[in-house]
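Visitor: Following the hints, position chain Y against chain P.
These protein sequence lines map, in sequence, to chains P and Y. Residue numbering for the first sequence follows the numbering used here, starting at 26 and increasing by one per position. Residue numbering for the second sequence follows the numbering used here, starting at 911 and increasing by one per position.
Quick caveat, the hints were computed from the structure, so don't treat them as lab data. What you were told as hints is all true, and nothing was included just to trick you.
Taking lysine to aspartate or glutamate and the EDC-like style, the derived pairs with C-alpha atoms no more than 20 Å apart in a straight line are:
1. Lys1032/Y - Glu1046/Y
2. Lys72/P - Glu918/Y
3. Lys1039/Y - Glu127/P
4. Lys72/P - Glu914/Y
5. Lys983/Y - Glu1026/Y
6. Lys110/P - Asp129/P
7. Lys72/P - Glu57/P
8. Lys1032/Y - Asp114/P
9. Lys1039/Y - Glu115/P
10. Lys1007/Y - Glu1046/Y
11. Lys110/P - Asp151/P
12. Lys1039/Y - Glu914/Y
13. Lys110/P - Glu914/Y
14. Lys1007/Y - Glu30/P
15. Lys983/Y - Asp1020/Y
16. Lys110/P - Asp933/Y
17. Lys1032/Y - Glu1021/Y
18. Lys1039/Y - Glu1026/Y
19. Lys1039/Y - Asp114/P
20. Lys983/Y - Glu1021/Y
21. Lys72/P - Asp933/Y
22. Lys1032/Y - Glu38/P
23. Lys72/P - Glu38/P
24. Lys110/P - Glu127/P
25. Lys1032/Y - Glu1011/Y
26. Lys1007/Y - Glu952/Y
27. Lys1007/Y - Glu1029/Y
28. Lys1007/Y - Glu51/P
29. Lys983/Y - Glu38/P
30. Lys1039/Y - Glu1029/Y
31. Lys1032/Y - Glu115/P
32. Lys1039/Y - Glu1011/Y
33. Lys110/P - Glu918/Y
34. Lys1032/Y - Asp1020/Y
35. Lys983/Y - Glu1029/Y
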Amino acid sequence: MPRIERSASVSWEGNVARGTGLITGETGAFVELPFSLPTRIGAVAGKTSPEELLAAAHGGCLSMSLASELTSAGSPPERLDVQVKIVMDEVPGQGHLVVASEVDVRARVPGIEEERFEAAVRAADDGCSFSALIRASASVTVRARLEAT
Amino acid sequence: MATERHAEATWSGDLMSGSGTIDSVGTGAFGPLDVSWAARAEDASAGRTSPEELIAAAHASCFSMALAGGLAKGGNVPERLSTSATVTFVPGTGITKIALEVRGAVPGLDESGFREAAESAKVGCPVSKALAAVPEITLVASLDA
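Chain P on its own, in the form it takes in the complex:
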């Protein structure tokens, strides 16, 4: 299997409390997204944060993994809607930690029974590289339900 590399770059100016940074992905899919400490911790004003980017990464990873599992089970999805919430908290003695990723899936999958759907969701969670990584240090929960097709 080929190794795949993906890069992003950040420029930061100033101290952490008052400085700001810009994030750019090498593919050009996102360019110079601004971020700062106040928007990372508190009020949200159209500025992203590392945790929001992790939420987006987990959503992309799990939706692809589930599409793959459903297809292997003979039922490619019509549509998957995935919501992810990343929770960062201050843990006594350890500083700020990502403590949880909560994933919520709504799926339209023609012709699949509930039991096979649930098995595909479990396999997708096992197979998603991001789920595996953060489960080592945080709780990962995946809730999924089938919608009428």
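Guide: Chain Y in isolation, oriented as in the chain P frame:
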């Protein structure tokens, strides 16, 4: 106080020929972003992002903030930090490596002091801790001339 951040993604069709979208994120800072397996695993030139690129962005931004914080605490506020993160993904195996590289313009600090602060940021930033299960995380840190 816990901080929560949200994202929503949609996928249609099978893995190889289907496609998806990171529809929106809680802050509205970006999106919708298109994703696909081909863009994730093969062609990086199509302007489509991937989970690995988003992880690279999360790590580079987290590391930069932690380093700015550490430098300022030591009395050396950085003029500018330029960080890149490269995530290596092997389909079937997972994420095998993250390479961080940082160049800094930090008045009054020498090379070894900068490298020490960068090592601390690599260990201490929340995304590094969240991704501690990655087999290899490397760091190259240098000051701008």
